[in-house]
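*Asks:* For reference, the chains in residue letters:
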Amino acid sequence: MSAEFFFGVEVFLNGLMAGVMYSLVALGFVLIFKASGIFNYAQGIMALFAAMTLVGFQEGQIPFAHLFNAMFGMEMHHFGWHMNAFFAIILALGVMVLFAILVEKLILKHLVNQEPIILFMATIGLAYFMEGFGDLMWGSNVKKLDVGIPQGGNFWIEENTAFLGGDAFYGFYLDTLDIYATVIATVLVVSLVLFSQYTKTGRALRAVADDHQAALSVGISLRAIWVIVWAIAGFVALVAGIMWGAKSGVQFSLSLIALKALPVLMLGGFTSIPGAIIGGLIIGVGEKMFEFLIGAPLLGGATENWFAYMVALVFLVFRPQGLFGEKIIERV
Amino acid sequence: MSKKAESRNDSDSYVTADGRTIGPAVMEMRNITLRFGGVVAISDISFDIREGEIRAIIGPNGAGKSSMLNVINGFYHPQEGEVLYKGEVRKPMKPYQIAHQGIARTFQNIALFKGMTTLDNIMTGRLTHMKQGMISQMIWKGKAEREEIENRAIVEKVIDFLEIQSIRKTPVGRLPYGLQKRVELGRALAAEPSLLLLDEPMAGMNVEEKEDMSRFILDVNDEFGTTIALIEHDMGVVMDLADRVVVMDYGRKIGDGTPDEVRNNQDVIDAYLGVSHD
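So the protein lines, in turn, are chains G and V.
Quick note: the first sequence uses the working numbering, first residue 2, plus one each step.
Quick note: the second sequence uses the working numbering, first residue 407, plus one each step.
Watch out, some of these pointers could steer you wrong.
[As the list claims (entries may be wrong)] With a Cα cut of at most 30 Å, we get these calculated BS3-like pairs of lysine-lysine:
no., chain 1, residue 1, chain 2, residue 2
1, V, K549, V, K563
2, G, K110, V, K500
3, G, K110, V, K497
4, V, K492, V, K520
5, V, K549, V, K537
6, G, K110, V, K520
7, V, K537, V, K563
8, G, K110, V, K537
9, G, K261, G, K248
10, G, K106, V, K563
11, V, K500, V, K537
12, V, K497, G, K106
13, G, K261, G, K145
14, V, K497, V, K549
15, V, K492, V, K575
16, V, K616, V, K520
17, G, K248, G, K145
18, G, K106, V, K520
19, V, K549, V, K616
20, G, K106, V, K537
21, V, K575, V, K563
22, V, K575, V, K520
23, V, K616, V, K575
24, V, K497, V, K563
No lab work stands behind these hints, which were simulated from the structure alone.
Please put together the full structure from these sequences, using the hints given.
*Replies:* Structure representation (structure tokens):
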């Protein structure tokens, strides 16, 4: 077979792994949407904030250092330690849980039984607040995130697949980081599916999304469920933040990955965890293959930027609930 | 004398004509007053609900019946008066905590989890009985598996009882109104409550559906000995079902007693048929 064909396969595999990265972000949206009917506009910022916090802990940054320096004329920046990546992740996770508790206490608690649009507006406010708060706390410079996951092309795969093609084929080029991301995302998804299908908390979570009053009447504490959900979404944001941060640095543009999650959600459905994954994979593979087969040779390239949104648009017209979303039934 | 002893003063049980045992008071409302701003929804009402009985709360529209149910189940907190549950004064509690104490309810405008199947909806009724940890439930092992199977067995019993086997896997949003009402009853029953609150269980039903529902309510009370408090508009239905009836009008209690006593109470007749005030 020709090298061209194997190059296509490589594009396909890379598309799959890019898709996994999209899925990671989409997952956070789905979790909160399933449990509270809120479209969480702040999910992207949460990923950025989680990644910034992680880097901050690792580097021993002093939170709000710039603020203190400006106010009191001090010159402090670092505690002067370098924290082990594992501990830093645990601490960052703790911060995300704390964040979930605060969101419930300061925002959601006051908005019980409100229209979804109002809750959505609240998350927009939350997003802008966190954007500024994150910068204030950790500084707005571009940071390097390194938790010890190796990066760059995987030589083992490259060497061991080189024999497949002819002389012009040098083996599949796959980024090791992407492979790690795939494994981690798979574990995450499997455990989340088990959690929401088989645990009483998972069942309670679906119940809360449907009807607040009824949920209370069967003994579900709304506040506890919300804290749990936002904490899990925070955890997923942290994982997504680590992966994307390690790939392209921790900076404001990290929060824009949320925009790529939107078409994934339109495709997979807002309420389905497997949908978020499949949707992510389809978008990932779709945009890479489209670029490879049609975009680059025929349209002058750069189709990756808009392909996903076009697919989403088509889905909105023909299947608004997505591939796996619950069909919208409204009895009159 | 302690409050506990006080509430059990008239605790002598008796047996009804059809052989059911009516025990001491499970729930006692004492001088309940509930206000929303300047509007008095409930004013100084006292009554009790005894173990094993079917207790009806009736009254014209806006009499405060649903508010009363919401007080019992913790959605509203009265400004005055106290609520005694199983002989003890109940502290102000959240509705979900009250559910854990064994009070289940249905709603006037059905409140089901519309995206979930009948089975899943009724399973949520078992949430208060599930004790196993998250991890063991996820890996579906040992005690968690046993617990799930036990709970599932109870749910299946409820489904058989309510004759809704055929719609077990149907998302409830797709069911017709009458069946939704039945599923909602099933969810409340699955909790094996010590007090079951039904808010207009027969509202908007046709005659046939009403008869079915009446039969289920009577059977629940008879077979499981469940204490039931229900709100109903249809006087005929209430008179057939209830052991004792509280009548409310404009937030006040105007009658309390057996269906016969209530039927012959002049205040009640006036409230229902209207009376000229000149």
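*Asks:* Each hint needs a verdict: does it hold in this structure or not?
*Replies:* Right, here's what the structure says about each hint:
1. Only pairs whose Cα atoms come within 30 Å are accepted, and V:K549 paired with V:K563 is accepted, the gap being roughly 21 Å.
2. Using a Cα cut-off of 30 Å, the hinted pair G:K110 and V:K500 holds, with the two alpha carbons roughly 14 Å apart.
3. Using a Cα cut-off of 30 Å, the hinted pair G:K110 and V:K497 holds, with the two alpha carbons roughly 21 Å apart.
4. Simply put, V:K492 and V:K520 have alpha-carbon atoms about 34 Å apart, too far for the 30 Å limit, and the pair is violated.
5. In summary, the hint linking V:K549 to V:K537 is supported, as the alpha carbons are separated by about 10 Å, within the 30 Å threshold.
6. Distance hint between G:K110 and V:K520 is fulfilled; the C-alpha atoms sit about 23 Å from each other, no more than 30 Å.
7. The suggested pairing of V:K537 with V:K563 holds, with an alpha-carbon distance near 21 Å, which does not exceed 30 Å.
8. Taking the CA atoms of G:K110 and V:K537, the gap is about 26 Å. The hint holds against a cut of 30 Å.
9. Restraint check: the Cα-Cα separation between G:K261 and G:K248 comes to about 16 Å, which is no more than 30 Å; the hinted pair holds.
10. Distance hint between G:K106 and V:K563 is unfulfilled; the C-alpha atoms sit about 40 Å from each other, more than 30 Å.
11. Distance restraint check for V:K500 and V:K537: the Cα-Cα separation of roughly 20 Å lies within the 30 Å cut-off, and the hinted pair is therefore satisfied.
12. The suggested pairing of V:K497 with G:K106 holds, with an alpha-carbon distance near 23 Å, which does not exceed 30 Å.
13. Our distance criterion of 30 Å between C-alpha atoms is met by G:K261 and G:K145, whose separation comes to about 22 Å.
14. A C-alpha spacing of about 34 Å is found between V:K497 and V:K549, which places the hinted pair above 30 Å, so the restraint is violated.
15. For the hint linking V:K492 to V:K575, the alpha-carbon distance of about 37 Å lies beyond 30 Å, and the restraint is violated.
16. Only pairs whose Cα atoms come within 30 Å are accepted, and V:K616 paired with V:K520 is accepted, the gap being roughly 23 Å.
17. Distance check on the hinted pair: G:K248 and G:K145 sit about 9 Å apart at the alpha-carbon level, within 30 Å; holds.
18. For the given pair, G:K106 sits about 28 Å from V:K520 by alpha-carbon distance, which is consistent with the 30 Å threshold.
19. Taken as a hint, the V:K549 and V:K616 pair is broken in the structure, with Cα atoms around 41 Å apart against an allowance of 30 Å.
20. Under the criterion of a C-alpha separation no larger than 30 Å, the hint pairing G:K106 with V:K537 is consistent with the structure, at around 26 Å.
21. For the proposed pair V:K575 and V:K563, the alpha carbon gap of about 16 Å is at most 30 Å, so the pair holds.
22. The straight-line distance between the Cα atoms of V:K575 and V:K520 is roughly 12 Å, inside the 30 Å bound, and the hint therefore holds.
23. For the hint pairing V:K616 with V:K575, the CA-to-CA distance comes to about 24 Å; that is within 30 Å, so the pair holds.
24. A hinted pair counts as satisfied when its Cα atoms are at most 30 Å apart, and V:K497 with V:K563 does not qualify at roughly 34 Å.
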